[in-house]
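Engineer: Just need the whole structure built from these sequences, with the hints factored in.
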Amino acid sequence: MAGVWVWTDELLALGAHIAQRRKEPLIRLTGMGEKVADFFIPLIDMAREESPSVILFPTGIEVEDLAARLAQEFKCPMVSGCSAVRYMEEPDCLEMERLIFGGAAIQVVRNQAWPVILTLAPGASGEEGDPDKQGQYTTREISPVSSDLWQVVERKGKESTSKSLGEAQIIVSVGRGLKKVEDLSLVKELASAMGGEIGCTRPIAAELHWLPESACVGLTGTQVKPELYLALGISGQIQHTTGIRQSRVIVAVNLDEKAPIFETADFGVVGDLYTFIPLFLAALKEKS
1 MAGVWVWTDE LLALGAHIAQ RRKEPLIRLT GMGEKVADFF IPLIDMAREE
51 SPSVILFPTG IEVEDLAARL AQEFKCPMVS GCSAVRYMEE PDCLEMERLI
101 FGGAAIQVVR NQAWPVILTL APGASGEEGD PDKQGQYTTR EISPVSSDLW
151 QVVERKGKES TSKSLGEAQI IVSVGRGLKK VEDLSLVKEL ASAMGGEIGC
201 TRPIAAELHW LPESACVGLT GTQVKPELYL ALGISGQIQH TTGIRQSRVI
251 VAVNLDEKAP IFETADFGVV GDLYTFIPLF LAALKEKS
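With the first letter of the sequence shown counted as 1, position 49 gets the number 49 in our numbering; the numbers rise by one all the way through.
A hint or two may mislead.
[Said to hold, decoys possible] Label-pair ranges, simulated between beta-carbon atoms:
| # | residue 1 | residue 2 | range |
| --- | --- | --- | --- |
| 1 | P278 | E73 | 57 to 63 Å |
| 2 | C76 | P212 | 35 to 41 Å |
| 3 | A283 | E257 | 57 to 63 Å |
[Claimed, not checked] Calculated lysine-lysine pairs in the BS3-like style (CA-CA distance at most 27 Å, straight line):
| # | residue 1 | residue 2 |
| --- | --- | --- |
| 4 | K258 | K225 |
| 5 | K188 | K287 |
| 6 | K285 | K179 |
| 7 | K75 | K179 |
| 8 | K285 | K188 |
| 9 | K225 | K188 |
| 10 | K180 | K258 |
| 11 | K285 | K180 |
What the hints contain is simulated information worked out from the structure, not anything from laboratory work. Every residue, glycine too, gets a C-beta built ideally from N, C-alpha and C.
Structural biologist: This is the structure in structure tokens:
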């Protein structure tokens, strides 16, 4: 095996770590920006030339399709939506974790053959790796070959939050307990006072469109691991709590004392977020 491929910068540290453990070079691919399907043929040619051990991709609809077709072409294993990856010297394999049954369980998978293709879920974790210290890597830019499998019919800009939720140390997240979009200003004021970022449940972003989808936390959004996660008016369905289970401290505020979120929270406040936020803001201002 000649190398480990990665696609984006955020995968570089993990790729470098695997490369170091398997004593193989690391190749970072660039140039795959828009029409992913057009890189199928170039990647096949490169794979035949380099014989990589591992190919790491971020999760995405087009990327999943590309990864699956590469796996079929080379008759190799593919594991999608990995939430954690670690290399095991014995028996020389990767151990991968991914969520199943709507986040109710974690599946542990080990590859029995090389190469292996992985797609990593947002916020995925692995053994600490430093691309500057754990192995040399080269950058290869590949050019697309036009494909008729996809046709771009429209492009829309996607609003994003100021910072990746996966990197945030403090997250103030809001759910259906928020009555109207104008009340987001209160939540934003609290997040600003705490030095945190704003998150939300999927209905707030995907159904009501009060916040961008990049702010969505949960199984179908971003899996987060902040030092503090403050859940305001969030009931705590499994799709959401799956994405916050790695938080160091979870504080929940909800009117319903039987809300599932309290089973996940380290601290709970049974009360109205409209009462809690002003009182908490006043306490923060007094402390400062």
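Engineer: Take the hints in turn and mark each one as holding or not.
Structural biologist: We went through each hint and held it up to the structure:
1. P278 x E73: 57 to 63 Å: Given a distance of about 59 Å, which is inside 57 to 63 Å, the answer is holds.
2. C76 x P212: 35 to 41 Å: Since the Cβ atoms of C76 and P212 sit about 36 Å apart, the hinted range of 35 to 41 Å holds.
3. A283 x E257: 57 to 63 Å: Roughly 23 Å apart at Cβ, these two residues miss the hinted range, so it is violated.
4. K258 x K225: Distance of about 25 Å is within 27 Å: holds.
5. K188 x K287: Holds, at roughly 19 Å.
6. K285 x K179: holds (25 Å)
7. K75 x K179: violated (52 Å)
8. K285 x K188: holds (15 Å)
9. K225 x K188: holds (20 Å)
10. K180 x K258: Roughly 23 Å between the alpha carbons, so the hint for K180 and K258 holds.
11. K285 x K180: holds (25 Å)
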